[in-house]
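Each chain is listed here by its residues.
There are 2 protein chains.
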Amino acid sequence: MKKIGKRTFKIENYVGVSGYSSIVGDKEKKGPLGHCFENYSEDEYFGQETFEKAEAFMQREVIRDVIEKAKTKPEDIDFIYAGDLLNQCTGSNYGVGGFDISYFGVYGACSTMAETLILASISIDGGFAEKTLCVTSSHFCAAERQFRFPLEYGAQRSSTAQWTVTGAGGVLLSKNEGFPRITEISPGVICDKKITDINNMGTAMAPAAIQTLISFFEDTGTTPENYDLILTGDLGHVGHEIVSDFLKRENYDAKNKYHDCGMLIYDHSQDAHSGGSGCGCSASVLCGFVLPEMRKRTYKNVLFVATGALMSPTMVLQGESIPGIAHLVRFEV
Amino acid sequence: MKKIGKRTFKIENYVGVSGYSSIVGDKEKKGPLGHCFENYSEDEYFGQETFEKAEAFMQREVIRDVIEKAKTKPEDIDFIYAGDLLNQCTGSNYGVGGFDISYFGVYGACSTMAETLILASISIDGGFAEKTLCVTSSHFCAAERQFRFPLEYGAQRSSTAQWTVTGAGGVLLSKNEGFPRITEISPGVICDKKITDINNMGTAMAPAAIQTLISFFEDTGTTPENYDLILTGDLGHVGHEIVSDFLKRENYDAKNKYHDCGMLIYDHSQDAHSGGSGCGCSASVLCGFVLPEMRKRTYKNVLFVATGALMSPTMVLQGESIPGIAHLVRFEV
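Chains as they are written, first to last, in numbering that gives the first Met the number 0: chain A, 0 to 332; chain B, 0 to 332.
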């Protein structure tokens, strides 16, 4: 039986990371993790005509780069799982088209990177695939005009607001090959604590992260002490504090082990307020920082918990709250 | 090895349909398949405040009904796979929330029903799940105002335009239980033949359906004669004719076996032009008509090929064409 406890699953076959790539924009390159990102563009259009096309370009670039680095070919990749924040997931639809790989579009808002890794692990472990690609992206300018206001309006940002990361990340998972490997997965459940402030995604997502983390600890009988690093996707400073406080209250001592991708990618001088967000936040930090550090064995045992605010401007205008979700993936060297 | 040929996979364990449910609006209830739909609403709001909330309501209703009919409980369902056409997949996010089931959001436009069935089959066959729910929906009024014009504008519809089905469908798949069963799957690849007319989705999707069908026939060494029914999702009259012509040209004689859900759900008197479309089209026809008829053994061997136009109004305004995708699921009694 693969199921452990209520929501966690063991990946019984060896599912390894045989390649990864990230790409970011100028602000991310100038941030504290800038040295981790080889591929970047100073031009926010990435040489394309529009922000949306720039986002699709980032996905294409990441796919091309992963395939090249892993010395494989598109025809050897069984499935590609991709998604993004844009309406109709256009970053992915226009990004993965042209590679001639069977494609599953997913939508998990900023939790997409972990969602794709979970679905891909299931397909490899179940014997359906030898190699799968997991890709996601976000673009600050495209996201702002879609979810809030076009940048030209010069709208003031609230202190709890986050800055959507311009970036993409792609991971190639392979059967019996590569490292680190994925050993456990814990798909998330929607968690809606009735937050309605579209400028406070950290608070909307934090309860989902807490729910997934605590159910994972209960399922596996482990505590934060069993891991080197516990990394949420993009809760930012506001959401990170909520999760830290709550874990402490529940007697889970995460000490210095618990970090958040949205806090790592920008520093306080960069005017990102509560920190980074967007599918590209956890994707670029995973592919630019976490996986390379795991290959150097800085971290050997990591919980990657990408968090998504399933926020729809239409539904918020109609008085609905913002549901959150958090998917967990455990990487081990 | 489960893979057959280039893109097709055999489901080796028994993955059966242990429950299904559909719900539709007034126009669908008055159509040729009206007698198939038990659950319907004459009110296009389904008693809710907005069209978007009506769509979420349909998903909730279908989930509740499937669970009730199958005499199971939410806690016995391992995963729910759901998606829809609305931005940020709100029909699903607000529809599945509250059921406390691990949730994978997917986006495959109108191909979503088949995409969820494929992902769910993989998870059951691979030993990750005993029971999974697959749900999708669309709503005419919500889709029109999002993708084209608000209905209040009274915009004229072109002859190739389709009518988005107001409806939802849900399938409960179980290990070693229920019938028909899913025996083969063939996930689609993006196919972009540079169609840019947002009022001609049938032509945008038809090439993807042809691609998936022909690669499936080649992979399995079968022809249309091996099946009782070949059903595309929502190509409508325009797309159906393209696929029929092309199959004939490639010497695949589909004769009277090839039908399209978009042609079955409305008749010519209903002013639906080329026919029905939307995620809810193939979902409601599958759950209201195909699966019940398979249980009566009218059909024993069906290819269900849900087709998606990955159309983004933003990208079309930016001069991009409309990519299509088609996912195939084989049901057998």
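Simulated from the structure, these hints should not be mistaken for lab results. Hints may be right or wrong, so weigh each one.
Identical chains share a label here; the pair holds if one copy fits it or two copies do between them.
Calculated pairs, EDC-like style, for lysine to aspartate or glutamate (alpha carbon to alpha carbon, straight line, at most 20 Å) [unchecked claim]:
1) K1 / E74
2) K1 / E11
3) K2 / E74
4) K2 / E143
5) K295 / D25
6) K174 / E43
To see whether the hints hold, each was checked on the structure:
1. K1 / E74: Only across copies: K1 and E74 sit 17 Å apart there, 30 Å inside one copy, limit 20 Å.
2. K1 / E11: both (7 Å within a copy, 18 Å between copies)
3. K2 / E74: Intra 32 Å, inter 14 Å, cutoff 20 Å: inter-copy only.
4. K2 / E143: Neither: 40 Å inside a copy, 42 Å across copies.
5. K295 / D25: Neither: 26 Å inside a chain and 61 Å across chains, both beyond 20 Å.
6. K174 / E43: neither (36 Å within a copy, 49 Å between copies)
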